[in-house]
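Peer 1: Using the sequences and the hints given, assemble the complete structure.
Next come the chains, spelled out residue by residue.
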Amino acid sequence: MKIRNRGDAEKSGLNMTSMIDVVFLLLIFFVMTFKIVELEGDFSVRMPLAGSDSMTMDPTDLPLKLRLQADENGKLTTMSLNEINLGTDFDQLRANVVELIGTTAPVEGEDGPEIEIDTDYNLRYEYVIRSITAVSGYKQGKEVVKLIEKIKFAKPRR
Amino acid sequence: MKVKSKKVDLAEGDLTPMIDMVFQLIAFFMVLINFAQTESNDRVKLPSSQLVKPPEVPLEFPIILHVAQDGEIILGGDDYTAETLRVGLQKELAVIKAEGKTVEDANVVIRAHKDTSAGDVQEVIRVAQEQQLENFALRVKEDNS
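Just so you know, the protein sequences line up as chains A and B, in that order. All the letters of the first sequence, read from the start, carry residue numbers 1 to 158 under the working numbering. All the letters of the second sequence, read from the start, carry residue numbers 1 to 145 under the working numbering.
If you are wondering where the hints come from, they were derived from the structure by calculation, not from laboratory data. Hints are supplied without guarantee of correctness; some may be wrong.
[To be verified] Label-pair distances were calculated between CB atoms; the ranges are: (1) B/Thr-81 with A/Asp-89: 32 to 40 Å; (2) A/Thr-88 with B/Ser-145: 19 to 27 Å; (3) B/Ala-94 with A/Leu-100: 40 to 48 Å; (4) A/Ala-154 with B/Gln-90: 21 to 29 Å; (5) A/Gly-112 with B/Glu-104: 14 to 22 Å; (6) A/Asp-89 with B/Met-21: 48 to 56 Å; (7) B/Pro-55 with A/Thr-33: 20 to 28 Å; (8) A/Asp-91 with B/Lys-53: 20 to 28 Å; (9) B/Ala-27 with A/Ala-154: 49 to 57 Å; (10) A/Lys-146 with B/Leu-25: 16 to 24 Å; (11) B/Met-18 with A/Asp-91: 50 to 58 Å.
[Stated by the list, open to error] Only part of the chain B face toward chain A is listed, based on derived beta-carbon distances under 8 Å: (12) Asp-14; (13) Pro-47; (14) Gln-50; (15) Ala-137; (16) Leu-138; (17) Lys-141.
We put the beta carbon where it would ideally sit given N, CA and C, even for glycine.
Peer 2: Here is the structure:
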């Protein structure tokens, strides 16, 4: 009787120590390597070297010209779209783009309007992205309405 | 003797709920772990935009250029300036050509820091254009606010 009791007691108490060790190691590994993934997307810009292609021959319309000027700290001071001064208001820029294009309907492919961004050398890149955001479309609820898809840069100003 | 054996029971404790929780945590972190972190760089903090969406199909033959705040360019773990970037790009293009593709198939992904100067990004584009590259993607962070 004594022997049977001992045996039963040992079997029911499984030794968990090693498993818990390994499991905690795994847990620590995953916690350490964990990093919240930020979702990223692209603005695509197709810019072949000027002069060597047929894209420069635009039969329908001239590209819109967006001029961005910065102060010495790289902060945006003025924007002008086709010589229309817009200050630093990106909503105003978007409204002007809508007006100039004439339609808010999305234009697909190669035939859409084109914009050339001419920026001061030291302007902070963030402002360039904000202006690209303003000219390339806007959000209507969850839908994105596209305006200009063809974006190019002018020659860098030194 | 009986009292002693009861003490042994108390000392062991019930580990089941703890193990349940620990396994749940492991499962959570395993699912969320991102192994494709080679694209990101600690020196680059991307600007954000509300319009971008993560691409459904990844770009073909990407050449990822990180532009740090001081204008330094990082390509494949090596640092370049706008003047020396040509060498790095030629190496990348050699790989692409070896796979039987043309230069036009390559996509240059520019991940520039939001406070870097726009001119530095333009210089990067200019150098890439000189290598006949023409497809560029300006990488930005998705802004859901």
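Peer 1: Run every hint past the structure and note whether it holds.
Peer 2: Hint check:
Restraint check, B/Thr-81 to A/Asp-89: a C-beta distance of roughly 35 Å satisfies the suggested window 32 to 40 Å. As the Cβ distance of A/Thr-88 to B/Ser-145 is approximately 20 Å, the hint placing it in 19 to 27 Å holds. Hint check: B/Ala-94 to A/Leu-100, Cβ distance near 44 Å, so the stated range 40 to 48 Å holds. For A/Ala-154 and B/Gln-90, the Cβ-Cβ distance of about 26 Å falls inside the hinted range of 21 to 29 Å, so the restraint holds.
Checked against the hint of 14 to 22 Å, the C-beta distance between A/Gly-112 and B/Glu-104 comes to roughly 21 Å, which is consistent with it. Separated by about 52 Å at the C-beta atoms, A/Asp-89 and B/Met-21 satisfy the suggested range of 48 to 56 Å. Hint check: B/Pro-55 to A/Thr-33, Cβ distance near 25 Å, so the stated range 20 to 28 Å holds. Separation of A/Asp-91 from B/Lys-53 is about 22 Å and conforms to the stated range, judged on CB atoms against 20 to 28 Å.
About 52 Å separates the C-beta atoms of B/Ala-27 and A/Ala-154, a value consistent with the hinted range of 49 to 57 Å. The hint said 16 to 24 Å for the Cβ distance between A/Lys-146 and B/Leu-25, and at roughly 43 Å that hint is violated. Taken as a hint, the range 50 to 58 Å holds for the pair B/Met-18 and A/Asp-91, whose Cβ atoms sit roughly 55 Å apart. Interface restraint check for B/Asp-14: the shortest CB-CB distance to chain A comes to about 11 Å, outside 8 Å, so the restraint is violated.
Of the supplied interface hints, the one on B/Pro-47 holds, with its beta-carbon coming within about 4 Å of a beta-carbon of chain A, less than 8 Å. Because the closest C-beta pair between B/Gln-50 and chain A is about 6 Å apart, less than 8 Å, the hint holds. For B/Ala-137, the suggested interface contact is upheld, since its CB lies about 4 Å from the closest CB of chain A, less than 8 Å. Hint status for B/Leu-138: holds, given a least beta-carbon distance of 4 Å to chain A, under 8 Å.
Because the beta carbon of B/Lys-141 sits about 5 Å from the nearest beta carbon in chain A, less than 8 Å, this interface hint is met.
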